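Those protein sequences? They're chains A and B, same order as listed.
Just so it is clear: in the first sequence, position 317 is 317 by my numbering, and no numbers are missing.
Just so it is clear: in the second sequence, position 45 is 45 by my numbering, and no numbers are missing.
It is possible that some hints are incorrect.
Claimed, not checked - Simulated DEER-style distance windows between Cβ atoms:
(1) 143/B <-> 151/A: 49 to 57 Å
(2) 282/B <-> 71/A: 57 to 65 Å
(3) 136/A <-> 282/B: 28 to 36 Å
(4) 130/B <-> 271/A: 32 to 40 Å
What the hints assert, rightly or not - A few chain B positions that, by computed beta-carbon distances, are all more than 12 Å from chain A:
(5) 32
(6) 134
(7) 137
Don't read these hints as lab results, they were simulated from the structure.
Please read all numbers here as calculations on a predicted model, not as lab measurements.
Even for Gly, the Cβ is constructed at its ideal location relative to N, Cα and C.
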Amino acid sequence: MSTETRPLVEIQHLKEYFPINTGFFKTTPLKAVDDVSFTINRGETLGLVGESGCGKTTVGRTILHLYKPTDGLVIYDGKPIETKEDLAEYRTKTTMVFQDPYSSLNPRMTVSDIIAEPLDVHKLYTDPKQREERVLELMDHVGLNSEHASRYAHEFSGGQRQRIGIARALAINPEFIVCDEPVSALDVSIQAQVINMFDELQDRFGLTYLFIAHDLLVVRHISDRIAVMYLGKMVELASSEEIYDHPLHPYTKSLISAVPIPDPKIARANRRISLQGDIPSPLNAPSGCPFRTRCPYATDACAASMPAFEEIESGHFVACHRVNEINT
Amino acid sequence: MSSLLEVTDLHTSFFTDAGEVKAVNGISFFLDRGKVLGIVGESGSGKSVTAYSILQILAPTGRIVSGSVKLDGQELVGAGEKAMQDVRGNKISIIFQDPMTSLNPTYTIGHQLMEAIMLHTKRDKREAWDRAVEMLRLVNINEPEKRMRQYPFEQSGGMRQRIMIAMALACEPDILIADEPTTALDVTIQAQILELMQDLQRKLGMAIIMITHDLGVVAQMCDEIVVMYAGSYCERGTAEEIFYNPKHEYTKGLLRSIPTLDTMGRKLQPITGTPIDLLNLPEGCPFAPRCDAAMRICIRQAPASMDINEFHKASCWMNVKALAETEAALEDDGAADAAETPEGGDAK
Ligand SMILES: Nc1ncnc2c1ncn2[C@@H]1O[C@H](COP(=O)(O)OP(=O)(O)OP(=O)(O)O)[C@@H](O)[C@H]1O
Ligand SMILES: Nc1ncnc2c1ncn2[C@@H]1O[C@H](COP(=O)(O)OP(=O)(O)OP(=O)(O)O)[C@@H](O)[C@H]1O
Ligand code: SF4
Ligand code: SF4
Ligand SMILES: [Mg+2]
Ligand SMILES: [Mg+2]
Chain A
1 MSTETRPLVE
11 IQHLKEYFPI
21 NTGFFKTTPL
31 KAVDDVSFTI
41 NRGETLGLVG
51 ESGCGKTTVG
61 RTILHLYKPT
71 DGLVIYDGKP
81 IETKEDLAEY
91 RTKTTMVFQD
101 PYSSLNPRMT
111 VSDIIAEPLD
121 VHKLYTDPKQ
131 REERVLELMD
141 HVGLNSEHAS
151 RYAHEFSGGQ
161 RQRIGIARAL
171 AINPEFIVCD
181 EPVSALDVSI
191 QAQVINMFDE
201 LQDRFGLTYL
211 FIAHDLLVVR
221 HISDRIAVMY
231 LGKMVELASS
241 EEIYDHPLHP
251 YTKSLISAVP
261 IPDPKIARAN
271 RRISLQGDIP
281 SPLNAPSGCP
291 FRTRCPYATD
301 ACAASMPAFE
311 EIESGHFVAC
321 HRVNEINT
Chain B
1 MSSLLEVTDL
11 HTSFFTDAGE
21 VKAVNGISFF
31 LDRGKVLGIV
41 GESGSGKSVT
51 AYSILQILAP
61 TGRIVSGSVK
71 LDGQELVGAG
81 EKAMQDVRGN
91 KISIIFQDPM
101 TSLNPTYTIG
111 HQLMEAIMLH
121 TKRDKREAWD
131 RAVEMLRLVN
141 INEPEKRMRQ
151 YPFEQSGGMR
161 QRIMIAMALA
171 CEPDILIADE
181 PTTALDVTIQ
191 AQILELMQDL
201 QRKLGMAIIM
211 ITHDLGVVAQ
221 MCDEIVVMYA
231 GSYCERGTAE
241 EIFYNPKHEY
251 TKGLLRSIPT
261 LDTMGRKLQP
271 ITGTPIDLLN
281 LPEGCPFAPR
291 CDAAMRICIR
301 QAPASMDINE
311 FHKASCWMNV
321 KALAETEAAL
331 EDDGAADAAE
341 TPEGGDAK
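All chains should be modelled from the sequences, with the hints used to inform the complete structure.
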C-alpha cells in the first residue's frame, strides 16, 4: 500500500479486559473494550462518542499502549507495535491530552517545567538554553504569554490550563494525539477558543487526532468521521455528515435525536427517540447485541449472536442484525 | 396581574477576607405560574447564588444586601426564618447541582423520601410510604418498592437525578428550581430527564427555573430566558427574542461561540478575554473589557436596562441608536466626549 492511502493508525480487534474481584479468589473480566477495529488517516480527526463508561478513555489509552492490550493489534504507519523497540519509537510520535485541566497538571511545578517535562524525558535538547527556547516556542504555539513561564499552573484559568496541557503534548512534536474530552470541563465561551486552537494546530503541524467527547455538537464540529461506541463495542462509524444526517444504528439514532439543539424552533420541533432503561453494567453485559436491552427493534436473534461490524455503505460501518429492515 | 415570583434589583454579597464579593448585582426578573424560565451565563456569573438568595440558603458569609423577592405578592427578603421554612418546604423546591452531595449516603432512598414528605405534609408513616412510592413511579423509576430499600450508591447517575426530582416534587411545590440538573448526565439520559420535567410541569402546573450553561437545553425547555453577566442580567426576554434577536454584545458573542448544526468546517468565534473579577467590578459596562463593540461611554457609565420591545430588555449602549451613531462619528474625528445623556431607548 502506498503512504497516500495507508492509514496512520490502524487498530485490529483491540480488547482491554480489567480483572475485577467479584468474590473470594474470584475475578471476572470487565470487558471495557471488546473487539474494536478502526483506522485513522493522516491529518484526519476521528471523533469518538458514546455514553459514560462505554470505554472511550480505555480505547484511547490502549491505542497509545498506556494500557497493554489484552488482545488485538495497533498498527502505526504500517508497522505493528510488537516489540519494546517498536513501542519506544511509537512513544516519540504519539501523546495524549487529558480532560481535566485542573487535576492533570502538577500544582507545584512551574508552567515552564510542566511543558518541558516530555523534553526532559525524551532528552530532546542539548543545553538549558535550547530547552528554554523550545518552551517559549511551544507557549507561543498555544497563545500563552512568555511571562507566564515561571508561574504555577494553579494561577491560571481553566482555558489557560488546557493550553498548558496542549503545549506539553506538543513538546515531542507528535504526529498523533489522543484528545480525551479536552474541552468538556471548560465554560462554553472558553471552549470555542480551545476548539479553534486544535483546528489551527492541526493545519499547522499536520496532526492526526482521536477526539473523544460527549458533546455531540462539539464532536461534529471538529471531526471528519465519527465512531460511536456502546458498552465496549463499536456500533457505527461514518463521516460526520453521515452520522448526523443518516444514522443507521438504532442507538446512534436515539443519541443524535437526544442532542439539544441551541435553536428554539428546531429544538421544539425535534422528535426525540427516547430510550427506556439504563445502560447495563459492563460486568454483566447482555448476550448478543449489547444494545438489545434498550433497543426498540430487538428480536430473539439479537440475543443469540453479536452482530458483525460491517461496511453497509461505502465508508459507513454498522453493527446491527436488522440494519436493512430498520432503514427502509 | 402580579407574577408568581418577582425578583427586583437583588444584591447579594459574600463578605470575605479579600473583600466584598458582589456575586449578585441587581438582578431582576419575574416568573409566571406554569412557565419555564432559563438562567444562563458563564461560570461564576451568579446563577446559583441567585437561586440560593431566593431560598435564603446562602453560606454564612453571604447576605442579601438589598432588593426584593416577592412570592405571590408576599415579600420574602426580611420575612424571617420561620416564613422561609414554609416557603422551602411547600412552595419552592430546589434540585442542587450535584445529586450525590444532596442525597445522604447512609440512609435508604425510602427513608429520605419519607422524611421529606412527613416534614412538609401531614402524613403518617404508612401514607408517606405510599406517597414516596407514587413519586418514584411518577419519575419513571421501575420497581419503586425495591428502590425504597436501596441506598444512593446503588443507583446510576440518571437514577439518582430522578430520585432528587422525586424528592423535590414530594411537597408539590409551585416553583421548582433546577440548578444544572443534567450537566453530569449522558445525552440520552439527559433527554429522559428533560422530558420528564416537561411532562411533570404540564401535569402539575408548576413553574420551573432552569439554571444551565447549555444553550441547547434552554432552547428546548424555556419560555423566558435571563442571560447573566457579572451578577446581573445583561439581557432577558422570551426564548425567541434572545435566540433570534439578541441585543447585548455578550449574548451575541455567546451564540456565536457555540457549535451548531451549521458551524461545521467553519471557525467558531470565541469571546475573548477573561471572566470578570467580582472584587473589582468596573465602573462602566461590566462586559466592556471583553467587548469588541465597546464605545467610550461603555467604560465610563454602566448602561441601564432598556426596553427593546414588550418581551425583551437589554442593558447595552448599542441599543441607543443615536448614541452609537454619535460614537461612530466621534471615532472618525476623534473629537469631544460622547453625549452624557443618551437619547432614544427609554432607560428606566
Ligand atoms: N483501570 C481500570 N480498572 C478497572 N475498570 C476500569 C478501569 N478503567 C476503566 N474501567 C471500567 O471500564 C469501563 C470503561 O471505562 P472508560 O473510562 O473507558 O469509559 P468512558 O467511555 O471513557 O467513560 P466517561 O465518558 O465517563 O469518561 C467502565 O466500566 C470503567 O468502570
Ligand atoms: N461562599 C462563597 N464565598 C465567597 N464567594 C462565593 C461564595 N459562593 C459563591 N461565591 C462567588 O460568587 C460568584 C457567583 O457564584 P455562583 O456559584 O452563583 O456562580 P454560577 O453562575 O452558579 O457558576 P457555575 O456555572 O460555575 O455553577 C462566584 O464568583 C463565586 O466565586
Ligand atoms: S442487533 Fe438487534 S438489538 Fe442490536 S441494535 Fe440491531 S435491532 Fe437492536
Ligand atoms: S454597553 Fe458597550 S461594552 Fe457593554 S456590551 Fe454594549 S457595547 Fe459592549
Ligand atoms: Mg472517559
Ligand atoms: Mg452554579
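Inset, instruction - Could you tell me whether the CB distance from residue 282/B to residue 71/A stays inside 57 to 65 Å? - result: Given a distance of about 60 Å, which is inside 57 to 65 Å, the answer is holds.
Inset, instruction - Hey, is residue 134/B genuinely clear of chain A, shortest beta carbon separation above 12 Å? - result: About 20 Å separates residue 134/B from the closest Cβ of chain A, which puts it past 12 Å; holds.
Inset, instruction - Say whether it holds or is violated: residue 32/B keeps its Cβ farther than 12 Å from all Cβ of chain A. - result: holds, 18 Å
Legend entry - Pairwise beta carbon distance, residue 130/B to residue 271/A, judged against the given window 32 to 40 Å: The hinted range 32 to 40 Å holds for residue 130/B and residue 271/A, with Cβ atoms some 36 Å apart.
Inset, instruction - Return holds or violated for the Cβ distance of residue 136/A and residue 282/B against the range 28 to 36 Å. - result: holds, 32 Å
Inset, instruction - Can you let me know if the beta-carbon spacing of residue 143/B and residue 151/A is within 49 to 57 Å? - result: Since residue 143/B and residue 151/A have Cβ atoms about 54 Å apart, the given range 49 to 57 Å holds.
Inset, instruction - Find the nearest Cβ of chain A to the Cβ of residue 137/B and say whether that gap is larger than 12 Å. - result: Check passes; 15 Å lies beyond 12 Å.
Going through the hint list in order, the structure satisfies each hint without exception.
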